[in-house]
Each structure stands twice: as structure tokens, then as C-alpha cells.
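Participant: Residue numbers (this note's numbering), protein chains in the order written: chain D, 37 to 381; chain S, 37 to 381; chain E, 37 to 381; chain P, 37 to 381.
No lab work stands behind these hints, which were simulated from the structure alone.
Take these hints with a grain of salt, some might be off.
The list treats identical chains as interchangeable, and a pair is accepted whether it falls inside one copy or across any two copies.
Claimed, not checked - Result set (DMTMM-like, lysine to aspartate or glutamate): computed pairs, CA atoms no more than 20 Å apart in a straight line: (1) LYS82 x GLU313; (2) LYS307 x GLU286; (3) LYS262 x ASP84; (4) LYS55 x GLU286; (5) LYS245 x ASP116; (6) LYS373 x ASP236; (7) LYS47 x ASP103; (8) LYS373 x ASP52.
Protein chains: 4
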Amino acid sequence: MKALVYGGPGKMAVEDRPKPQIMEPGDAIVRITKTTICGTDLHILKGDLPTCAPGRILGHEGVGVVDAIGGNVTTFRPGDHVLISCISSCGKCYYCRRSMYSHCTTGGWILGNQIDGTQAEFVRIPYADTSLYPIVADADEEALVMLSDILPTGFECGVLNGKVAPGSSVAIVGSGPIGLAALLTAQFYSPAALIMIDLDDNRLEVAKKFGATATINSTDGKAAEKVMQMTDGRGVDTAIEAVGIPATFELCEALIAPGGTISNIGVHGTKVELHLERLWDRNITITTRLVDTASTPMLLEVVSAHRIDPKLLITHRFSFEHILEAYDTFGHAATTKALKVIIEA
Amino acid sequence: MKALVYGGPGKMAVEDRPKPQIMEPGDAIVRITKTTICGTDLHILKGDLPTCAPGRILGHEGVGVVDAIGGNVTTFRPGDHVLISCISSCGKCYYCRRSMYSHCTTGGWILGNQIDGTQAEFVRIPYADTSLYPIVADADEEALVMLSDILPTGFECGVLNGKVAPGSSVAIVGSGPIGLAALLTAQFYSPAALIMIDLDDNRLEVAKKFGATATINSTDGKAAEKVMQMTDGRGVDTAIEAVGIPATFELCEALIAPGGTISNIGVHGTKVELHLERLWDRNITITTRLVDTASTPMLLEVVSAHRIDPKLLITHRFSFEHILEAYDTFGHAATTKALKVIIEA
Amino acid sequence: MKALVYGGPGKMAVEDRPKPQIMEPGDAIVRITKTTICGTDLHILKGDLPTCAPGRILGHEGVGVVDAIGGNVTTFRPGDHVLISCISSCGKCYYCRRSMYSHCTTGGWILGNQIDGTQAEFVRIPYADTSLYPIVADADEEALVMLSDILPTGFECGVLNGKVAPGSSVAIVGSGPIGLAALLTAQFYSPAALIMIDLDDNRLEVAKKFGATATINSTDGKAAEKVMQMTDGRGVDTAIEAVGIPATFELCEALIAPGGTISNIGVHGTKVELHLERLWDRNITITTRLVDTASTPMLLEVVSAHRIDPKLLITHRFSFEHILEAYDTFGHAATTKALKVIIEA
Amino acid sequence: MKALVYGGPGKMAVEDRPKPQIMEPGDAIVRITKTTICGTDLHILKGDLPTCAPGRILGHEGVGVVDAIGGNVTTFRPGDHVLISCISSCGKCYYCRRSMYSHCTTGGWILGNQIDGTQAEFVRIPYADTSLYPIVADADEEALVMLSDILPTGFECGVLNGKVAPGSSVAIVGSGPIGLAALLTAQFYSPAALIMIDLDDNRLEVAKKFGATATINSTDGKAAEKVMQMTDGRGVDTAIEAVGIPATFELCEALIAPGGTISNIGVHGTKVELHLERLWDRNITITTRLVDTASTPMLLEVVSAHRIDPKLLITHRFSFEHILEAYDTFGHAATTKALKVIIEA
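Could you put together the complete structure from these sequences and hints?
Facilitator: In C-alpha cells form, the structure reads like this:
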């Protein structure tokens, strides 16, 4: 089969690979119908993730059709349409029993990282019963690919941890795909203010279309000041960090209201400064999280009820044979204005 | 009346002052029967709190008897025995209506800071109806003085924010009075492990008597490592910071389990390093809080039911005329082994 | 001034009454600009509420302008535009400190019941600081009258107690004004299914316009069966009782899913049968509540952010001189199709 | 092997049965070292549970040693010491993924009910990875047998659902084994008042030893009145129903405080009267639950930390050959004063 294979820092290629086989009784083989590219895939290509060795098929998102199942799989049969979670969950370990699947002691985020991933014609999914989700045969596959990773990540790490609530005020720092996923899912809770902050006016325009009630271009260094003006000097109830660098995290510290919550989504490569000399008596909460995808069943319900349109995130579409072009487009988002790109089998 | 007056950095004296008068209809004048000294009083004496001007009567803890009330006070009458909260709460503002009395827009921690305090024969308490608590005439006053500040602080900022739960594991970094207050109140929730960490073996001995299930002297820099050994390599569910310096906060970052909570009690004078490069995907929560004393009614119930003995915290007793000696004893805790000192009218 | 006065069972009249005066320092006198009629007013007229004596001015909803304040009112000044809460809250008592204003020991629902109410030119509001809410001078008064009682009631008693959540399934039994208020505010949380149940097709048509995803006319006694069909045989996560009779409460018992919540809004005059022989092992929750109006600040934010349009509830408008006609219209809702009627000063 | 077999209403016998075999790859065979008898076993013997057919080996509690495992069991090996949960959980289904194991679509309470149980030398446990819990080889087996059912039932259905909290007031109606299990586990949360209500003075004496702060013999019909006197006329914050008949549930309705919670543990065979005409505006919560045993890992921690002594519940011990005598003793608790009886292999 065809697969997109990581070849070490800066290198990737479409290669011919043998079709994956059932290795454990809990495995399923899924034929991929739609997949996509994640910002984390770009991190791997830069060589930032030593857990991902050269030779690995990339990709941890996708929908498809079950091709084969191991002897212990009870929930799915060949022919079933499924959504693939980016997180593999054994369902038995200390963390899985606490719904913290991200920390599954033999799973977690391994797909397209420590085991071969979804940017291929077929993929082997371990713990299929607890890592795949049934979808209807005529589901909108493009919309559902957004539920493999980006929507649950924006929702769980940003919105749920950030305790977004009806009538509350929310600032999201970073209007890239993950910030926009937080923006979409924050609206599940009807906040009064949804302030989007970024350096790029184009992205802020997109944010307005996605439901932002205000936008701030933070190039002038006055974002915190402007947020204070918008919130009677109090700051926001929830600040969602959706970039992953010290400057944006520290901006969240500057614009949070007493009693508020900073929920971090960003993947950080370095430490940040936590200004406890200002914050120790401000009754604030800071959270971090790797997505558990525990909210996937709920998100499937919300999407099928049309309470949200995840396809808003999709800007480009490619056939699998043009996947390198898809990477190129996704990797140059500033010029291509790409958010999420769909790759079709 | 006699009062302990702050005279600027490094200076204090017992002075004769006029007895306070009702200034607002919500005020009460309380005759102090027992008071104590807080670590924050020592901070003021060092000149660390510019909000507290020379000439201020210190003290924000105490019990006493109502001497006079303003025209709008409905809950108390002269002669009533009362506990004084360190936090003044108007009961009406944005924050008070959210039970976040610490941020009361016209109150908060003002006693012995922005208005005259309790280390005197009488004190004026604004918003008496919502800042005093009724106690029975024959209450154990010494025990109840611990409910003005130290017990609610240890409980709300450390235990409640830290989500201490039955069967969970807790590490408390700092075995001074406030760490011990957290240790006492953590036991409301029956955690399985209560690990106390300090540099001082004497304080750790005290912690054992207060209910610590294990103690670690962190002088050798191996505290995090030892905690990992005690917790199957996972770390603790709750880490309570009860010191207020970068080293102890960063120790909490090192010993917290995935899914755990770091609850900060310490008063920090400088920023700390938050290692998001390690913590971004660990599903942790960090909280800060100035005590709201919203838990005071509950603490009164628990103490009157003898579920806890706050008097364990009291090591020394002085009459008011020896208050300077009390400060001396409290200020040299390393040698005097003082925890809380009672000052009696 | 003109006022609508209860004259005993079946009797009411517009009378001339003296303008109310400040009686306590916490009082405010409010000039009413808009008021409305509640189902509870009809109950009073039937003689169902012995707490309401003949001679009482009715009404517990309204917006207006502050005319005078007592010496202890600090939040409002004459000329301020305000929303009147149906619940008077002292802000000091055991229950008020727990945000359970409905059970305020000297307040609660007293307006238009134990003290004169809002269906008049002026009304005296006790505990003004904690029972009135500031609104802007050019606010949409009609929309805000819905926040005195009906919206917080539908929201707190039905939606909040019912734990409506994104993606969840909700059935509301009763499509009258209060059921529709629950339907509107349930959408704050983006449930996947909002099933409205009533005996009246017209009301169900209205429900569809308000956002119901399905409607069931329960005349044939098969409502529970139909709900089971719509929910894969599981039942709904939340069942909101918005009628107040045994049959509708027992219908909620029949259609609730394991793990679900029945939240009661209805005012019940008689006991109901609780089928514990079927429910004891179903992990369900049942809640009751008199509205606390603790959510009023949040609702004001949501309305001013246009996340909801409370004016959908308004079907008729009258000037105060036609208030008896307004009662007649509201009291014959089956024929007039009245939901809420606005009475303008 | 020897087994206690149900023979239809009123009949049981010790029989020779073939040793159970692995039937599914997730199964384990456990050699029983200690088991016990539950009140539910007596219900089965009366013929109350049609799900349990004659020929069934009874018993759903026990500890033992793994004898054999199926091909898909990864958590346990032969020779491992284990605690058996009364609830079998597949770990995959809709309810298991929500930690509501009691409603597992292919499990739940099936042991000693729909499949052969633990009152035998060996038992087959389906879904072993998610239905057994590892214990240390030298664990106190008698104490741990109490964690198969009675302690998690008292804790989850009574204490956790009842929101018992530090300083709160709790009444437990029924001082039998399950009421006492609630009493023991309620103390995890340090309530101020733990009032035990029963008709039997002997049982109330036992309750005092278990930590009740007050006891009421309700024979005179004045229990509610007495509770009101003990609680300043407010009633209790939590009322735990631990009997299962209308009179005791309705007593809970009579003594609950505004804002309080009635948590039902009792197995009810008939409907009860819910007095909504008194309770509709009292802000109360009522809960039901079949134990999920989701708290078992926590209870194991609490017991191993000696925060609780489950052996207090054990009054009698028998060898397996005397199991009929054990049933007799347990079945005549009024005269034998039996609480829990241990049956040893």
C-alpha cells in the first residue's frame, strides 16, 4: 500500500509498504477514507519528537472502514464505518479507568508516533474497541476527521479545562487551527465575550466568521490593556493559550481576571515565567492537558445534531497521491491561509 | 486603649490610642479577648507591604465580645461573643456575591493593613454582619482564634483548591504553621498519604504528631525522587506549596502526578519558573488563592464537633502587655519552636 | 398611585393607593416602567396561597427606575435603571451566604405575596443592594422583564439542576411559558436533543420555533414510548417537569435514562408516586428548587450578548390601565395563545 | 468442588459441582479464600429476584487467588491475590466508559445472580481485567471482603451521592449492615453530626461504637421531630435511606433541610409517596444508585492506610462446610446480632 513515511528531520516520502496485519486480538485494521495533517506532524518533521523514529508512517487522524478485526474485538465488524481517535486507550489501566486516556500506560498518543499512523491506505489500530468510534455509513467524513484530534483538543484542553460558562468572558490567544477549534467549541457554553488575539489580521478575520465577538491584533504589545478595557478592568474569566511559547502564556497571565482560569493547549518547548508575585492572591487556576478524547462520544452527538460545523476548519482538499503538496500547503499557512487540509484516499 | 502600632520598617511599639468609634452603620466595635500574630505581620514589619502605613495598629485575627454596633447591624448585639474574620466582606459586590470575599471591592484583607487591626483592646470591624461570626459564650477562644486566618487559609488555598480526596496522596512542602494548618485540615478528607517536606527535622517531628504519614527532609535535594519512590513512580495527587519561594514551588512541579493539582498557599515575592516543556501534556492544575474565609461557618462546625483540634498549633501564650515579647518569640521560630502564639487581653 | 390589588379568592381591582415610602435603610422605591403577570399570580387569585392576604398589591416581576433610596443603599441612586428580582435577599443570612436566596430567612419570595408588589406605579424593594440589578438606561426593558422570574426559574430549576450538557438529550414536559423558558435556556449548553412534550399542538408548534428538535403530543399516553424510540431505548439524560401535577412528574420517571436527572420546576399541590421499585437501581437524580435568582447576573450578560432572545416569550402588550384585560388574556391562554404579557406604565 | 446452590424459593443446599472453566478470553478462574453473605442473597432465597434461576451458585463477594486466566487477560496471572467486585464491567460499553459499571450492557450485577457466584471453592469471573482488583499476598482478607459490595455500596449510594461534607449534618435511617457501612464511610468527610435512626436499641448501640454522634430510636414516630431539635429546626444536609420501605424513605423526606440531599441505598419493592406539595420549593435532591464499585481503588487505598476499619462489620466466622449455619445466623440478625459473617474456604 501507499504510505507517507518519515525519513528523519526534514525528510518524508510516499513509499510502498506492506498492508498492516492484526498483531494482537484487540487490533483492527482500518482502510482510511479521509485523513488530515496536524501541526504535530510538522513538529515531527522538524525532528522535535525523538519518540518518532525514521521509517514511521505519519498521521494520527482519520475516518475509514474496518477491514479486519482481531479475535477479541466485540464492538466492530469488517465493513463498519469508524472514526479513529488520535489516542489509543486500553480501557483497563490506572489512567484509562479514570478517563485519562492520554496517559494510558500502554497507549496514549502512539499513532503516527511510536506505531505506524493514518497517512496510508490502511492502518492498524490497537485496542480497537476503546480507540475507534462507530459512525453511520453516510456520515460527513470530512467533518468527522476534525473529531480525531483538533476538536477534542480545543474542547477538552481549552474549553472544558477553562470552565467556559454561559455569560462568561473568554480570550483565546492564537487564532490558528487549534485556537479556532477552541473558538468553535467554546460556543457550546454560550459565553458573552469571545475575544480572539493573534498577530495576523487574516486569521482574526477568520475568527470573526467563526463567532469571535471581538478580535485584537497583539502586534503593538497592548493586547492585555485592550482586554482590560473590554472587561471593565477585570480581565477575562477564561484565557486559552493556543500557541505554545512563553510570550503568549505570559499574555494569558496578564489578562486573566481574579477567580479566572488559564487553560493551556499549546505544545511548549521551553519553560515560561509564572508571575506568582502578582498572581498568588488572585484566586486563579492554570491547567495543562494532553487531549484524552474522552469527549469524543459527546462531540459526535453535537456534530450529528448540527450544533457545530467542523467543516469550517477545512480550507484545502487533496487526493492521497498529492499528499506532499498537502504538506507544503499546510506548512506554509501564512501564505496559503490553510487551516486544515483533507487528504482523500 | 493599648495597641500595638507599626512604626515603619523594623519599628513597632505599644501605644495609647483612643478607643475606636462606629463610623459606618454596618460597623461593630469588638473588645478583643484573644488575638495572635501572623507571618504577614512580620512581612509588614520588614516593610514588604506598602499598603500598610506607619501608625497602623497591626493584627487581623482574634475573638472578642461586641461592644457597640452601628444602626444597620442586625446579626449581632453588644455582649455577643464573636470570631473576627481576617477578611472584611461587604456582602454586596461582584466578588462577594460569588463568595470570593478576598476580592471584596471595598473590603478584602484590610484589617491591620489599611485600617486598624486586632492587636489592641478594641477594634472597629466594618461590614460586621458579614465579617464576624457568632460563637458561644463559653467557646474555647484559643481554638477559635485559629479560625480567623490560619485554618481557613490552609484549608481553602491548600486543601480545597488542591482537591484532597479520600484515598489520595498529598505532599505539603513547608512544615511551618500554615503547612501544618493544611496538614490538619487535609485530614477532613481522609487521604491515604500525607507526606510532609521541610528542611527542619524538628518541624517534621511536629508534622508526624499532627498526622503526617511520612516526612522528608529535603536538605539533600532528593525530595522529589523520594516522593516518586513512595508513590509507585507516579507522584502525588496534590502538592501544597506552603513556603512562598521559587525552589519550593518548583519542587511541587517535580513531584506532581499526571492529573494532579498544585495548590499554592505561599506568599510569593518573585516570579517562578513554570516548566511547561515538561508539564504541558501532564493534565495538571495549578491554583492560587487569597483566603476568602468562605469556609468559616463550616470550620466552626467541624471544630465544635471536635473533628479537629486547632489548639495543636498553639505553642506559646502571652498577656497583651508582653506582646513585644510575643513578637520576639514568634519571629525567632527556628530557636523558640513557636508555631502560633496566643495574646490574651 | 394606581395598583392592582388582590381582594380575596376570585377578586382583584385597580385601586388608588398611597405611594410606598422608605421603611428600612436598605429599601429602595422603584417607579415601574414595565411589569408582567406570572402563573403564580393566577394561583393567588384562586386562593391557593394563604400567605397572600386580601389587600395585597400583586406582582413580583418588573423593570423600572429608582425613585428613592434608604440611608444604607450603596449600589443604586435615584434615576438608576434597574431589574427587580422576584426574590428578596438580605445577603447576610445562613441561606443567602450559600447563594440560596430563595430561602433568605427574612426575604425569599415575598414581593406581591407578603409585601406589596410590582403591578403598580411604584414598589418598595427591601434589601435593594442585593435584590435589584443595574441595567443600562436604553436597555430593552421588555426582554429584561423576563429576567425577574421566568428565565431564571426555567434556567436554575430546570436546566442547571437538570445538568443539561453539550450533546445530551433533554425532554421538557409542559410547553407553557415556563417550559419554553427552560427550552430557551437549555440551549446555552448545546444539547443534541430537545424533546418538547405537551397536550396542545399549538404550544408544540411554538416550541419548534423556540428550538425544540422534536415534539410529542402526549394525548395518546405514548409519550414515554416515543421518547424511548428516539433515544435508542435509553431514555433522556434530563427530564424537566414544567407542569406541576402527578401525571407529568410520573411521565418524567418513565422516560429518564439510567444516570439521568429529573429536575422539577412545577408548583405541586399534591404528592406524587415515586416508583422506587423501578428506579432504586437506575442511578437517577431528582431535584426540586424555588428559583434563587443567583443566575441573574449571568443571564443579564447572556441577554446583552444576544445569545438568547427572551422577547420570544412575549405575545401581548397592554398599558397599565388595561391590566384587568391583560389578566383576562393571560388567564385564558388556551384560546388567546398568550405566553407572557407586558404591562407598560 | 463444593458450592452453595439456590434451589428455588426457600431452598438451598451445598452441592458438588464441576470446577468452572475459562469460557471467554477475558475470564479468570479464582479460588475463593474468603466470602460472605449479603442481604440480597436472602432476597433471592425468598424468591424476590426472578433473574436468579434455581441451580445457581450464590454469592457476589469474596477474595481469593487467581487459578487460571483466559488468553486476553493482561492484568493478572495465576497466583495473584485478588478482590472480587460484585459488579462485572466490560470496560468498553456506553455505561462502562462513563464509570457507571452497574449498568454495563453485558455485565453489571450478574455474579451469583445470572451466572454462578462466589459461595464455592472456585468462581469464574468474566472481564477479569476490569472486575478484579489486585491485593497484596498478606492483605487482611476479612477486611477486604467488605470491599466487594457493602462498603462501596454504603459509600457510593449513600455518602458520595449524599454529598457528605466536612461540618455537614447527616442522618442515616437504618442501622443494619448497609447503614453502618454508610456510617463508617461518611467519616471520610468529617461531618459534624452523624445521627443514626433505627427501631432497635442494640443496633443503635453498635452505631455509637461506629462513630454516630447521636442515635434516635424511631419507635415512637418522633424521629423527624427530634432531628429538627438537633439541627436548629433546619433538618439535615444529608439523609441516607438504608432500609428500603416507604416509611423510612418518607422519614427522610420529613427530616431533610432546604438544599439537602436524600440518597437512597435501600432496595425497594414498592413505590413510595413523594411529597412534592411540601418539597417542590425546598431545593432538595434525591438520588438512587446501584453500586458501580467505581470507588473500589480508592477504598483499597483508604483501607490500606488504616483510615477505616471494615472489620468492625464482621460479627461471625464460619468454615465453608458450615455455610448453612452461616446463613441461619445471618438470617436471624435480630437475635444473633449478626452484621457480616465471614465464610472461610
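Participant: Now, for every hint given, state plainly whether the structure supports it.
Facilitator: Comparing the hints with the structure gives:
1. Proximity of LYS82 and GLU313 under a CA criterion of 20 Å is satisfied inter-copy only: 17 Å between copies versus 36 Å inside one chain copy.
2. Taking CA atoms no more than 20 Å apart as the test, LYS307 paired with GLU286 passes in both settings, with 11 Å inside one copy and 12 Å between copies.
3. Proximity of LYS262 and ASP84 under a CA criterion of 20 Å is satisfied in neither setting, with 35 Å inside one chain copy and 31 Å between copies.
4. Taking CA atoms no more than 20 Å apart as the test, LYS55 paired with GLU286 passes in neither setting, with 47 Å inside one copy and 48 Å between copies.
5. Taking identical chains as interchangeable, the C-alpha atoms of LYS245 and ASP116 are never at most 20 Å apart, the minima being 35 Å within one chain and 37 Å between chains.
6. Taking the shortest alpha-carbon separations for LYS373 and ASP236, only the intra-copy value of 11 Å comes in at or below 20 Å, while the best inter-copy value is 52 Å.
7. For the homomeric pair LYS47 and ASP103, neither the shortest alpha-carbon distance inside one copy (30 Å) nor that between copies (52 Å) is at most 20 Å.
8. In this assembly of identical chains, the alpha carbons of LYS373 and ASP52 never lie at most 20 Å apart, being 31 Å within a copy and 69 Å across copies at closest.
In summary, the structure is inconsistent with hints 3, 4, 5, 7, 8 from the numbered list given earlier, while agreeing with the others.
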